[in-house]
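Chemist: So the chains spell out like this:
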Amino acid sequence: MLRKAFPLVFWLLVWAACYRAVGQDLLLASPVQVFRRFAFVAEASFWRCVGMSLWRTAAAYGLGVIIACGLAVVCHASKLLDEVISPALLVVRATPVASFIILALVWLSSSNVPVLAGVLMVVPVVFANVREGIQSTDRQLLEMAQVFGWSRWKTWRRIVIPTVLPTFVAACQACVGLCFKATIAAEVIGVPKNAIGTQLYNAKIYLETDALLAWTLVVIILSMVLERLLKAAFERGLKRVHHI
Amino acid sequence: MSITFDHVSRAFDGREVLHDVSFALPERGAVCFFGPSGCGKTTVLRLLCGLDDPDGGRVDIPEGTRFSCHFQENRLLPWYTTEENLRLAIGSEDVQPWLDKVQLPDAAKLYPDELSGGMRRRVSLARALAHDSDVLILDEPVRELDEATSEKMLELIRESIGDRLLVLVTHDRSQAEKLGCQIYEFPLK
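Chains A and B, in that order, give the protein sequences. The first sequence begins at 81 in the working numbering and counts up one residue at a time. The second sequence begins at 1012 in the working numbering and counts up one residue at a time.
Any given hint could turn out to be false.
[Unchecked claim] The list that follows gives simulated cross-link-like pairs (lysine-lysine, BS3-like), each with its CA atoms no further than 30 Å apart:
{"no.": "1", "chain 1": "A", "residue 1": "K261", "chain 2": "A", "residue 2": "K311"}
{"no.": "2", "chain 1": "A", "residue 1": "K284", "chain 2": "A", "residue 2": "K273"}
{"no.": "3", "chain 1": "B", "residue 1": "K1112", "chain 2": "B", "residue 2": "K1189"}
{"no.": "4", "chain 1": "B", "residue 1": "K1189", "chain 2": "A", "residue 2": "K311"}
{"no.": "5", "chain 1": "A", "residue 1": "K319", "chain 2": "B", "residue 2": "K1120"}
{"no.": "6", "chain 1": "A", "residue 1": "K284", "chain 2": "A", "residue 2": "K159"}
{"no.": "7", "chain 1": "B", "residue 1": "K1120", "chain 2": "A", "residue 2": "K234"}
{"no.": "8", "chain 1": "A", "residue 1": "K234", "chain 2": "B", "residue 2": "K1112"}
{"no.": "9", "chain 1": "A", "residue 1": "K273", "chain 2": "A", "residue 2": "K261"}
{"no.": "10", "chain 1": "A", "residue 1": "K159", "chain 2": "A", "residue 2": "K234"}
{"no.": "11", "chain 1": "A", "residue 1": "K84", "chain 2": "A", "residue 2": "K311"}
{"no.": "12", "chain 1": "A", "residue 1": "K311", "chain 2": "A", "residue 2": "K234"}
For the record, the hints were derived by calculation from the structure and aren't laboratory data.
Working from the sequences, and respecting the hints, build out all of it.
Modeler: Listed below in structure tokens is the structure:
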């Protein structure tokens, strides 16, 4: 227990030492000031912001996974579409998300732009893994299915999907944190109503360093919780399909 | 109507494995493709099951012909138990009688990686025999099995042919004789 608490205590002490060294609340708030700020968890507005940001993340994540899987299947079926879509997704992956956010603000409402930012983070990663998973399906098993006269759906359900599942799950796990952070970043730029990103933006504008750090801690905690929850859910699902 | 190979040729990387081969298989009964390794037996099997196309000539397979196959490799789905692997081939029918027949009465809940090589061969054999088909293809069905088990499996194969066509591939002529196979000596002319 003590050993587990040691890193936390160590970094809190480093933080406190830095606060003392800097000596200006405007530049760096103390751990005590930040924890005092956590009183905002008792306010309804805090939960509205957290709820809406999580809702946008969930929407972006769900949409992103569905679009990525759909594109991977389409690209597997058509070489021509693959040649069109795969390079486009490589470009999306390489483009800074902020560029998309600024561009999208011209077209979309500030509340929807974070969803788009999250989708753009998820799609290329999940697409690449699912595509690779489909391509790595054991040819011998596919031939067995063909000889035994299995339908296309049965072949996908019994062979392709179980093959793809581990790489799909790995991509989904890797993406959840990225998606959440991209959504928050888009909220900071777009400043929609009821959003963690908007609170971060306001803290910056009003020079409330303690609030900025408190909301940042909220993002870190939520990101870790989301990753843990999804990891547990995916591992449970994977165990049902693969006996591991 | 029977399956016919009509002046079939097939080459891989410029090496011709089959050259202008013609023959017809009977509608039912047992045939054996016999010959040394690399003489084109597997190529003929792949053309027969529709897994490959000839470079020249044609393979005529009557519409609606159903196949089942015991491949050289086991080709069991690693994420399913023995019972589930068999059920995928035979539907809702009880799989336990088939497990008993291949002498694996307690293997239903085991996964392929929990079975020995010989056990996996027998599960694959049970899958091929149990599947409702017109053509039953068995590629080296008793390889890796000890002599006593081989004898029992050959007996099971003989009992399971029924009204279908058995296509056996083997290096061992005595197996073909035990199953009363008409022998097609490779390389085919």
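Chemist: Does each hint hold? Answer for all of them.
Modeler: Quick rundown of the hints versus the structure:
For the proposed pair K261/A and K311/A, the alpha carbon gap of about 17 Å is at most 30 Å, so the pair holds. In summary, the hint linking K284/A to K273/A is supported, as the alpha carbons are separated by about 16 Å, within the 30 Å threshold. Taking the CA atoms of K1112/B and K1189/B, the gap is about 18 Å. The hint holds against a cut of 30 Å. The suggested pairing of K1189/B with K311/A is violated, with an alpha-carbon distance near 56 Å, which exceeds 30 Å.
Proposed proximity of K319/A and K1120/B is supported: the alpha carbons are some 15 Å apart, at most 30 Å. A hinted pair counts as satisfied when its Cα atoms are at most 30 Å apart, and K284/A with K159/A does not qualify at roughly 49 Å. A C-alpha spacing of about 22 Å is found between K1120/B and K234/A, which places the hinted pair at or below 30 Å, so the restraint holds. This hinted pair checks out: K234/A and K1112/B have alpha carbons roughly 27 Å apart, not beyond 30 Å.
Under the criterion of a C-alpha separation no larger than 30 Å, the hint pairing K273/A with K261/A is consistent with the structure, at around 17 Å. A C-alpha spacing of about 23 Å is found between K159/A and K234/A, which places the hinted pair at or below 30 Å, so the restraint holds. For the given pair, K84/A sits about 21 Å from K311/A by alpha-carbon distance, which is consistent with the 30 Å threshold. Taken as a hint, the K311/A and K234/A pair is honoured in the structure, with Cα atoms around 28 Å apart against an allowance of 30 Å.
The structure fails to meet hints 4, 6 from the earlier list, while all remaining hints are met.
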